[in-house]
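Asker: What follows is each chain in one-letter form.
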Amino acid sequence: MDSKEIISEGYLEALITGELDEKTTQEIEAQLKVDNDLRSAYYAIEKKIELLAFRYGIKPSPGAKQQLMENPSIMNLHMTVGEREIGGFSWLSVAASVVTVGSMIISIYFWNQWQTSDKQLSLLKAEKEVIANNYQQANQQLEEVKSDIAVLVSPAFSRLILQGTDNSPDAQAVIYWNKEEQAVLLNSASLTALNENQQYQLWALLDGQPIDAGIFDAQSGQFQMMKDIAAADAFAITIEPKGGSENPTLETMQVYGESS
Amino acid sequence: MDSTIEINAVLVKRLKNQDATAMDYLYDNYSEALFGIINRIVANQEMAEDTLCEVFLKIWNQIDQYDKTKGTLFTWMYRIARNKAIDKTRSKDYKSSNKSNDINNYVDMFVDNSVDKTDYIGLKEAITALGEECKKLIQLNFFMGYSHAEISKRENLPLGSLKTKIRKCLSNLKIGLNKDFGQ
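Going line by line, the protein sequences match chains A and B. The first sequence begins at 1 in this note's numbering and counts up by one. The second sequence begins at 1 in this note's numbering and counts up by one.
Bear in mind the hints are in silico, worked out from the structure with no lab data behind them. Note that CB positions come from ideal geometry on N, CA and C, so glycine has one too. Don't take each hint at face value.
Residues from chain A that face chain B, not an exhaustive set, calculated with beta carbons under 8 Å [claimed, not checked]: (1) 42; (2) 61; (3) 114; (4) 227.
Working from the sequences, and respecting the hints, build out all of it.
Answerer: Right, dumping it as structure tokens:
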């Protein structure tokens, strides 16, 4: 039987439940060892059943656990569930109360084993956490980049470069403005950082009148969402006391650009 | 990297060392999933819990026989649970307990409104999308212990097409598997 047949005839599903005869089971298990594609096809099915079993699990009564853990084959040489919860010290004293030296040595051996694998387990858990976080962060960054690119390529957004004034000839800022939706996005990457009592403020100028378009701190790497602006002849950025001003302090104007 | 596999490797190592705390961990993490299988096969609560205990003892005593090249730890335990539960239903005690999980008493297990379960994103929709027949076949075969032969007979489906049908049903179950579970 080749891998293709094993998959198409539903043998993998039957392997999980264990209802194949011995010979077929061995044949498929041998094939699983050598065929990675078959192995991953099987793994995908295993994980689906596992997921369903977990989601639709049923809680046994608490007594069931006690019945199990008190079974001599598990209790033997080991602490009971209750004692473990007290912590390492009392566990050691339990070990100390074991009369024979032999069983003490065995206990210490197992305790070390337990410690080691416990550490390994915590390490792996921590590692898993870190990886999950990194993944989430990367995913979030990807989403941000995606939405930034959507703005860049969208015909609905017009691009407007605000050039530095005499106050700061090297400064620049870029505005992406969707007039229809009134959305204003700002790239402030080339503005210098301000002291903590000050903030930049964006102004839209319409018929000579300034309209507050929002305060912000210089930021690189992403667009900042500013206040909605429906119409403007020009945009300008000034430096204002933290929290912004009602009217622009014109002598601090950093950049300015007229909209076409 | 699938960290479930890594954690399971440590877990299996500890179980092979007959470490009772590993058993404690195993029980806390897997008892609900396994009991869900057992209890749907063995309808009598007390007998189902006895079976659960037997299943974990078998896992404990035979962990050396688990071979990860043949499948996941869960599948191995799942198969033990399913077989033990089926054995239980064939026992004299069970037959005299008047409990029955007759196929005619089939109730859709996927209709469940419990709120305390972890939600697997999109699972409900994925299951609904399967359709009634697929849901029933998956439940009967994987969760109620019915063999292909039994289902084929009761549902009037040829054995061959039943197998491929179950295969198609599972492959139609579109669920994200990158999420770790079983921790």
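Asker: With reference to the structure, classify each hint as holding or not holding.
Answerer: Hint check:
no., hint, in the structure
1, 42, "holds, 7 Å"
2, 61, "holds, 6 Å"
3, 114, "holds, 5 Å"
4, 227, "violated, 35 Å"
Violated hint for the displayed structure: number 4, the only one.
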